[in-house]
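Trainee: Residue numbers (the working numbering): 14 to 381.
Among the clues, some could well be false.
[Claimed, not checked] Simulated restraints on C-beta separations: (1) S30 with G99: 36 to 42 Å; (2) D366 with E334: 22 to 28 Å; (3) E66 with T307: 21 to 27 Å; (4) I312 with N154: 24 to 30 Å; (5) L266 with G353: 26 to 32 Å; (6) P35 with V80: 36 to 42 Å.
FYI, nobody ran anything at the bench for these hints, they're computed from the structure. Note that CB positions come from ideal geometry on N, CA and C, so glycine has one too.
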Amino acid sequence: MTGIDDLPVRDELRGTSPYGAPQLDVPVRLNTNENPYPLPEPLVERIAERVREAARTLNRYPDRDAVELRTRLAEYLTDTSGHEVGVAGVWAANGSNEVIQQLLQTFGGPGRTAMGFEPSYSMHGLISRGTGTGWISGPRNDDFTIDLAAARKAIAEHRPDVVFVTTPNNPTGTAVPPETVLALYEAAQTAKPSMVVIDEAYIEFSHGASLLPLLEGRPNLVVSRTMSKAFGAAGLRLGYLAAHPAVVDAVQLVRLPYHLSAVTQATALAALEHTDTLLGYVEQLKTERDRLVTELLAIGYEVTPSDANFVQFGLFEDSHETWRKILDRGVLVRDNGVPGWLRVTAGTPEENDAFLDAVRELKKEQEL
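Sequences and hints are given; from them, build the entire structure.
Mentor: The structure is reproduced here in C-alpha cells:
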C-alpha cells in the first residue's frame, strides 16, 4: 500500500507529525485550553440573526478586506489596552494560525529563517517548516523564562528573518516582561531588519497588560491575537493581528481571495457585541486558574507561574505514564512533551474539582 513516504513530499516535512491533541470521550476534558463556558444565549441569538442576514447574500463573495470586522477589532483593542489602534493596522484571518502562516509567507519562506524560544507554541515551528522557512530553536532558562543574554547571542549568530515571542507562553504559562521584548526587538533589528511577532493568544488571562503599546514607532513589530480563548469561540476560527499599516498591506500580498467567509465575519461581529459578558467569564477562569495553582502546590506538586488559562505542573519521572493515570480517572490533561511536566486547562469549578481529586488520589498512591 502507498504511504506518505512513497509520495514526493518535501524533504523538510519528512519525519514530522501534524499538530494535534487527543480528542477522547472522557467526563472532563482539560487538554486544549478551550474556554469551558458555552456562549450565552443572547449571543447565540445574535449570531443567528447576523448569520441569517449574511445568508441572504451568500451568492456574492464576502467583503474581501473585512473592513467592518477589522474596525470592531480595532475598537476592542483600543478599549482594552488603552493604546490607539486604527483599522489600517489590523488584519484578520481564519484563526491565529493563518495569521502566523501569512506572516511567514510574507516575511519568511525558502532561504529565510524563523526563531522561537522553546518550549513554546509548537505551531510556530510547524508553520515555519510548512512555508519552507528554516526553524531555529532559541534558548530558555530552567525556569522557562527567556535567557536574554543567550537569546541576543543566538539572534546575532543566526540573524533570523522572523522572531516569535509568546506571552503568556504556551505550554508554560509564563509571561515575558516588556523590557525583554524590547531587548529582543533591538537585537533583531541590529542583526538584520527582522519581524518580531508577539503571540498574545492568552493575554486576556494575564496578570499584566498587553504589549500593544510597544507597536508605537516599531514598524517591524506585530502583535497576534485570537478569539478562540477569551471569547470562547474556538469553533469560530478567527485570529487577528495589530501592526503598522504597512505590515497589513504586506500580508495581503499572500492572503487567499475572500479568505474570511461572510458567515465567519458575521459571527465574529456578533461576539464583539458581547465583549463585556465574555470577559466576565475570563475573570472567573482567572480565579479558577489561581485556585488550581494554590491547590496543586498544597498537594505537593511543582507549578510554573501562569498568566494564561492553564497551569503547567510536575515534576514526574514519567510524565506520559502520569498522564495516562490521570486519564484513567476520567480527566484528560495535556502531555506536551516537556520532560517531567503536564499541562491542565482551567475549566469550570466542577471540572477543576474532578481534576484536583484525581491528582490528589494519584499523589497518595505514589507516596504509598
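Trainee: Hints first: check each against the structure and report whether it holds.
Mentor: Structure-based check of all given hints:
Take S30 and G99: their Cβ atoms lie about 40 Å apart, and the range 36 to 42 Å holds. Against the hinted window of 22 to 28 Å, the Cβ-Cβ separation of D366 and E334 comes to about 24 Å, which satisfies the hint. Range check, E66 to T307: Cβ separation about 46 Å, and the 21 to 27 Å hint is violated. Look at I312 against N154: about 25 Å separates their beta carbons, and that is inside 24 to 30 Å.
Checking the proposed 26 to 32 Å range against L266 and G353 shows it is violated: the Cβ atoms sit about 43 Å from each other. A hinted range of 36 to 42 Å holds for the C-beta pair P35 and V80, which are about 39 Å apart.
Checked against the numbered hints above, the structure violates hints 3 and 5; every other hint is satisfied.
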